[in-house]
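Trainee: Sequence:
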Amino acid sequence: MGRVREFQKDDTGEVAELWAKEFHLRESVPLDSLSRYLEEVFFLNPWQSGDFPSLVYENSDRRIAGFVGVMPRPMRFMGKSIKAAVASQIVVDRSKGLPFAALELFRKFFSGPQDLSFSDGANGLARRVWEAAGGGVAMLYSPLWTRILRPAQYLVNLCENRRLLGTVAKASRPISWALDAAAVRIADGPYCFSEPESIEAEPAEEAIIWCLRHLAGHRALQPEYDLDSLKWLLKKAGEQKKHGELRKGMVQSVKGEILGWYLYYAKPGAVSQVLQIGGKVRSIAHVLNHLFYQAWQQGAIAVSGQTEPEFALELSSSHCGFTWPGGVLVQSRNKDILDVIHRGNAFLTRLEGEWWMRFCDLSETGNDKQISSFRRAAVNGTVSKSGASTGSAADDWAQKGCQGTNNGARQAAVCAG
Numbered sequence: 002m003g004r005v006r007e008f009q010k011d012d013t014g015e016v017a018e019l020w021a022k023e024f025h026l027r028e029s030v031p032l033d034s035l036s037r038y039l040e041e042v043f044f045l046n047p048w049q050s051g052d053f054p055s056l057v058y059e060n061s062d063r064r065i066a067g068f069v070g071v072m073p074r075p076m077r078f079m080g081k082s083i084k085a086a087v088a089s090q091i092v093v094d095r096s097k098g099l100p101f102a103a104l105e106l107f108r109k110f111f112s113g114p115q116d117l118s119f120s121d122g123a124n125g126l127a128r129r130v131w132e133a134a135g136g137g138v139a140m141l142y143s144p145l146w147t148r149i150l151r152p153a154q155y156l157v158n159l160c161e162n163r164r165l166l167g168t169v170a171k172a173s174r175p176i177s178w179a180l181d182a183a184a185v186r187i188a189d190g191p192y193c194f195s196e197p198e199s200i201e202a203e204p205a206e207e208a209i210i211w212c213l214r215h216l217a218g219h220r221a222l223q224p225e226y227d228l229d230s231l232k233w234l235l236k237k238a239g240e241q242k243k244h245g246e247l248r249k250g251m252v253q254s255v256k257g258e259i260l261g262w263y264l265y266y267a268k269p270g271a272v273s274q275v276l277q278i279g280g281k282v283r284s285i286a287h288v289l290n291h292l293f294y295q296a297w298q299q300g301a302i303a304v305s306g307q308t309e310p311e312f313a314l315e316l317s318s319s320h321c322g323f324t325w326p327g328g329v330l331v332q333s334r335n336k337d338i339l340d341v342i343h344r345g346n347a348f349l350t351r352l353e354g355e356w357w358m359r360f361c362d363l364s365e366t367g368n369d370k371q372i373s374s375f376r377r378a379a380v381n382g383t384v385s386k387s388g389a390s391t392g393s394a395a396d397d398w399a400q401k402g403c404q405g406t407n408n409g410a411r412q413a414a415v416c417a418g
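If you read the sequence shown in my numbering, its first letter stands for residue 2, the second for the next number, and so on.
It is possible that some hints are incorrect.
As the list claims (entries may be wrong) - Okay, the calculated beta carbon distance ranges per label pair:
hint, residue 1, residue 2, range
1, His219, Glu240, 40 to 48 Å
2, Ala202, Arg64, 46 to 54 Å
3, Glu7, Lys242, 30 to 38 Å
4, Trp325, Ala179, 30 to 38 Å
5, Asp11, Ile176, 51 to 59 Å
6, Leu156, Gly218, 21 to 29 Å
7, Leu159, Pro75, 22 to 30 Å
8, Asp62, Trp211, 49 to 57 Å
9, Lys232, Asp11, 27 to 35 Å
10, Leu159, Arg129, 39 to 47 Å
11, Asn46, His215, 19 to 27 Å
What the hints assert, rightly or not - With a cut-off of at most 27 Å between alpha-carbon atoms, the simulated DSS-like pairs for lysine-lysine come out as follows:
hint, residue 1, residue 2
12, Lys84, Lys10
13, Lys232, Lys84
14, Lys22, Lys97
15, Lys237, Lys84
Derived by calculation from the structure, the hints in this document are not laboratory data. A virtual CB, placed ideally from N, CA and C, is assigned to each residue, including glycine.
Could you build all of it, start to finish, from the sequences and the hints given here?
Mentor: In structure tokens, the structure reads:
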């Protein structure tokens with residue numbers, strides 16, 4: 002008969018082997034590197050005190066057949082400190098015939114001392130098991146928004162990722178570049194971008210903490226960071242390379258007022274993923290305009306992120322579409338905490354969840370890397386060492402056309418306004 006127990010440092014090798022096996026990556030993932038990363042994330046994070054252990058499921062032979070990683074995260078609820086715990090990397094050995102192993106892992110996790118349990122980016126199966134164990138879905142935070150920047154290249158990318166019309170999609174790349182270059186020349190169109198009037202700079206960690214406390218501090222539920230924990234988190238998030246290079250931006254008005262900030266992964270020729278974005282509702286449009294403009298300059302074909310309910314209207318007005326590929330999962334014995342989340346009065350981003358972890362790098366195949374390398378080199382011209390796109394001739398022509406239709410004036414927003 003199986004049992005759930007605490008994850009120990011001596012278990013990292015066995016869990017790494019299970020993880021690689023279930024993701025069919027035994028031949029491509031160095032198990033020692035994966036084992037070290039498991040230790041770094043779940044034993045050496047700045048919040049781990051031993052009260053929130055990760056969990057393993059042992060079968061009757063006392064072999065590890067299931068795992069769920071747990072990371073504690075301090076938060077504030079209605080001005081008081083609380084403890085949250087993030088569930089990550091749920092995996093079960095399917096060859097052992099243990100249909101209730103995942104359910105037992107989640108139930109044990111929910112019985113811990115945390116005030117709030119949550120996870121982001123869950124697939125349909127994980128969501129169903131989570132709900133069966135007594136958890137729920139944060140509906141307002143689950144949709145993903147996407148702002149398409151280069152529509153033709155985005156369509157080609159979509160076909161390639163879904164393995165649709167493979168040969169046709171590859172042959173269509175040059176045509177997509179020309180179509181997107183033409184789209185940029187349509188003045189006041191949704192794909193015409195010019196530099197915003199507000200000022201953007203790269204913030205230090207101290208500035209991000211200031212933004213979290215002063216621009217997101219009105220939320221009933223919000224994360225609580227100190228300088229050391231935020232530095233550790235951003236360092237680890239920056240190690241993730243599958244989604245590109247981590248970039249930070251803080252937006253100020255021409256008078257020096259801080260309007261908001263964002264963290265995103267810049268990836269030329271692909272979809273740039275947003276890790277966190279924040280600001281006052283009245284000024285978030287300026288922050289979004291800067292984000293879209295910077296990602297467009299870097300050669301991204303689109304920008305995507307987890308929905309922030311407070312900004313949903315502005316996201317929609319900025320030509321963002323919404324999809325539901327996964328979900329944000331929550332559980333708490335405190336109904337007031339759940340009520341705040343379900344009303345959208347919480348600040349929960351990918352940075353607070355598990356999305357930033359580097360496990361996705363380990364699951365990227367060599368073929369994916371080859372495609373990514375091709376896109377970086379060919380889709381939008383060359384990229385300098387600093388990461389700034391020099392652009393293709395078509396993009397240079399298109400950008401001049403967009404600005405020329407406005408008499409060279411600097412615009413405060415995407416041309417569509």
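Trainee: Confirm or reject each hint.
Mentor: Here's how the hints hold up against the structure:
| no. | hint | verdict |
| --- | --- | --- |
| 1 | His219 with Glu240: 40 to 48 Å | 32 Å, violated |
| 2 | Ala202 with Arg64: 46 to 54 Å | 53 Å, holds |
| 3 | Glu7 with Lys242: 30 to 38 Å | 31 Å, holds |
| 4 | Trp325 with Ala179: 30 to 38 Å | 33 Å, holds |
| 5 | Asp11 with Ile176: 51 to 59 Å | 56 Å, holds |
| 6 | Leu156 with Gly218: 21 to 29 Å | 41 Å, violated |
| 7 | Leu159 with Pro75: 22 to 30 Å | 39 Å, violated |
| 8 | Asp62 with Trp211: 49 to 57 Å | 53 Å, holds |
| 9 | Lys232 with Asp11: 27 to 35 Å | 29 Å, holds |
| 10 | Leu159 with Arg129: 39 to 47 Å | 27 Å, violated |
| 11 | Asn46 with His215: 19 to 27 Å | 26 Å, holds |
| 12 | Lys84 with Lys10 | 23 Å, holds |
| 13 | Lys232 with Lys84 | 20 Å, holds |
| 14 | Lys22 with Lys97 | 13 Å, holds |
| 15 | Lys237 with Lys84 | 21 Å, holds |
Going through the hint list in order, the structure does not satisfy hints 1, 6, 7 and 10.
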